[in-house]
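Number of protein chains: 2
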Amino acid sequence: MHDAKLKLQLRILWDEEIAIGPGKAQLLEAIQRTGSISQAAKSMNMSYRRAWQLVETMNHSFQQALVETQKGGTHGGGAHVTNFGEAILSQYRQMEQNAHHVIEYDFQAIAQFLKQ
Amino acid sequence: MHDAKLKLQLRILWDEEIAIGPGKAQLLEAIQRTGSISQAAKSMNMSYRRAWQLVETMNHSFQQALVETQKGGTHGGGAHVTNFGEAILSQYRQMEQNAHHVIEYDFQAIAQFLKQ
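Protein chains in written order, with this note's numbering: chain A, 1 to 116; chain B, 1001 to 1116.
For reference, chain A alone in the conformation it holds in the complex:
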């Protein structure tokens, strides 16, 4: 018995850069969960440097910051997803769901011809 799955990836490109896509959306959720870029990176097995780059790209692609950082404090500064960032994230997840929903039928129409 084989397992058929549909994988959907949506990326919004801003010139040559990815303003938001699967990895950045996941990172935003990890920052919401952990309140820190370094903890978020850790939870995704991503380097701190890489996570910072993703945050920087999001923040400079959009008109407002999606993530804000606080310097200092006992934990060396935290980070949070702004209201603006939450709105973009939510619209992105909605877009994924809408796409998944509409192509479920097409997916099944193809998947029925895979070896079982």
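There could be a bad hint or two in this list.
[As the list claims (entries may be wrong)] Below, a list of computed lysine to any residue pairs in the SDA-like style, where the Cα atoms sit at most 25 Å apart:
1. Lys1007(B) <-> Arg93(A)
2. Lys1005(B) <-> Gly1023(B)
3. Lys1115(B) <-> Lys115(A)
4. Lys1007(B) <-> Ala87(A)
5. Lys1042(B) <-> Ile1018(B)
6. Lys5(A) <-> Val102(A)
7. Lys7(A) <-> Glu1016(B)
8. Lys115(A) <-> Phe1084(B)
9. Lys1071(B) <-> Gln1094(B)
10. Lys1115(B) <-> Asn83(A)
11. Lys1005(B) <-> Asn59(A)
12. Lys1115(B) <-> Met1(A)
13. Lys115(A) <-> Glu1096(B)
No lab work stands behind these hints: they were computed from the structure.
Values in this document were obtained by computation on a predicted structure and should not be read as measured data.
Guided by the hints, dock chain B onto chain A, whose structure is given.
Showing chain B alone in chain A's frame:
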């Protein structure tokens, strides 16, 4: 003036393998155009070996072959996309179009917040 684009990628996974996705769909179209796996590979800047692997994966994931090859002949054998392969390709492209169509609104809703 920046350029915002939506990139959508759909892959149908059969266990751990991609039964069909953007690269394989493009390869099928190149085989239709050129009538040969080697010419199709060339037109995609892909090695012959890699193109063969993609064809093999498609052919063993589905219940019927998507690509059939002829041995020998003056050009060292050609290849063609079967009726079954055409049907799968067409359904895959339809699925992409349906997804694009439904998320156009969501895409614009996000893209309006990118820097102009």
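For each hint, the structure was consulted:
For the hint linking Lys1007(B) to Arg93(A), the alpha-carbon distance of about 15 Å falls within 25 Å, and the restraint holds. Taking the CA atoms of Lys1005(B) and Gly1023(B), the gap is near 19 Å; set against the 25 Å cutoff, the hint holds. For the suggested pair Lys1115(B) and Lys115(A), the alpha carbons sit about 47 Å apart, so the restraint of at most 25 Å is broken. Taking the CA atoms of Lys1007(B) and Ala87(A), the gap is about 20 Å. The hint holds against a cut of 25 Å.
Of the pairs offered as hints, the one joining Lys1042(B) and Ile1018(B) holds, with about 22 Å between alpha carbons and a cut-off of 25 Å not exceeded. With a C-alpha separation of about 15 Å, the suggested pair Lys5(A) and Val102(A) falls inside the 25 Å cut-off, and the hint holds. Using a Cα cut-off of 25 Å, the hinted pair Lys7(A) and Glu1016(B) holds, with the two alpha carbons roughly 12 Å apart. As the CA atoms of Lys115(A) and Phe1084(B) are separated by approximately 14 Å, the hinted pair is consistent with the 25 Å bound.
About 32 Å separates the Cα atoms of Lys1071(B) and Gln1094(B), which puts this hinted pair outside 25 Å; it is violated. Note on Lys1115(B) and Asn83(A): the hinted pairing holds, with a Cα-Cα distance of about 17 Å set against a maximum of 25 Å. Distance hint between Lys1005(B) and Asn59(A) is fulfilled; the C-alpha atoms sit about 17 Å from each other, no more than 25 Å. Restraint check for Lys1115(B) and Met1(A): not satisfied, since their Cα atoms lie roughly 49 Å apart, outside the 25 Å limit.
Under the criterion of a C-alpha separation no larger than 25 Å, the hint pairing Lys115(A) with Glu1096(B) is consistent with the structure, at around 22 Å.
Going through the hint list in order, the structure does not satisfy hints 3, 9, 12.
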